[in-house]
Amino acid sequence: MSGRRSGSGVSSISDDQITHLVFKLQQLIPELCARRSHKASASKVLQETCDYIRNLHKEVEDLSDRLSQLLASIDTDNDQAAIVRSLLM
Amino acid sequence: MHLPHSTLKQEFVKKWIMGLQRCKFSNKNMSIFERKKAIKLSADTAMASARKGLTCWSRALISNPDRPVPTRTRRASSACKKIVKRSRRIRRTAKCGGARKGQITRSIAQCLVRKRTQILKSLIPGGVFMNEVCLIEETLDYITSLRVQVDVMRSLASASARASEPHN
Chain F
1 MSGRRSGSGV
11 SSISDDQITH
21 LVFKLQQLIP
31 ELCARRSHKA
41 SASKVLQETC
51 DYIRNLHKEV
61 EDLSDRLSQL
71 LASIDTDNDQ
81 AAIVRSLLM
Chain U
1 MHLPHSTLKQ
11 EFVKKWIMGL
21 QRCKFSNKNM
31 SIFERKKAIK
41 LSADTAMASA
51 RKGLTCWSRA
61 LISNPDRPVP
71 TRTRRASSAC
81 KKIVKRSRRI
91 RRTAKCGGAR
101 KGQITRSIAQ
111 CLVRKRTQIL
121 KSLIPGGVFM
131 NEVCLIEETL
141 DYITSLRVQV
151 DVMRSLASAS
161 ARASEPHN
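In order, the protein sequence lines correspond to chains F and U. Letter 51 of the first sequence, counting from 1, is numbered 51 in UniProt numbering, and no numbers are missing. Letter 152 of the second sequence, counting from 1, is numbered 152 in UniProt numbering, and no numbers are missing.
No lab work stands behind these hints: they were computed from the structure. No experiment lies behind these values; they were computed from the predicted model shown. A hint or two may mislead.
No more than 25 Å apart at the CA atoms, straight line, and that leaves these computed lysine-lysine pairs for PhoX-like [as the list claims (entries may be wrong)]:
id : chain 1 : residue 1 : chain 2 : residue 2
1  : F       : 58        : U       : 101
2  : F       : 39        : U       : 115
3  : F       : 24        : F       : 39
4  : U       : 81        : F       : 44
5  : U       : 85        : F       : 58
Which chain F residues face chain U? A few, computed with CB under 8 Å, are given here [to be verified]:
id : residue
6  : 15
7  : 16
8  : 17
9  : 21
10 : 24
11 : 28
12 : 42
13 : 43
14 : 52
15 : 53
16 : 56
17 : 67
18 : 71
Virtual Cβ for every residue (Gly too), placed ideally from N, Cα, C.
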């Protein structure tokens, strides 16, 4: 990505544009945003981004699992249960 | 295009609750697996529709909600490891001057970036059709939306956990 110089005449994508976007990505990833002033390499940012997205996907799977079990067992008689039941069922 | 976090959250919650109500969880004959699929599908659809068609990933996710688990990632990550190993070997045996070494390092970096871009494309819905700039912009938006999704799902899970306790 950072290596795209004058070779490909097709794209008018500037290196600066890509560098800026990669920096914005860096600020979003928890693993990398600690080093705010220091720009990590594009390949590092990409790797951390992929790992982060995979982690988020896994969390959604786990939460769906957990919710499917919890929502199955809302029979109890407390206030919270009444709210959840009225909201979702 | 980037919405503030709270607006996105509200949109997601609204749409997700609508979706969950349609799932008819009161039907006791639903298996746990069916329930989980319904919850995940409604969460993904809500997350995508909260963007109101403004982003590519959201349109791709709505038209193809069954997100396949990318199986080639293991192959791709082992390919990355091979590249890094090879680069270490090259650096150790390189007897030539600094300019050549710099060239090798640059081409290794380019190779890594190319491989990792391919992996990222497989993770973002509709990513295979995007050019690099679009891919990064879409990734920024997708990550923000995923965070909102996880946030809200966590809140509902803890509320439901409290609701399942016998005494409140």
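Legend entry - Non-conforming hints, listed in increasing numerical order: 1, 5, 6, 7
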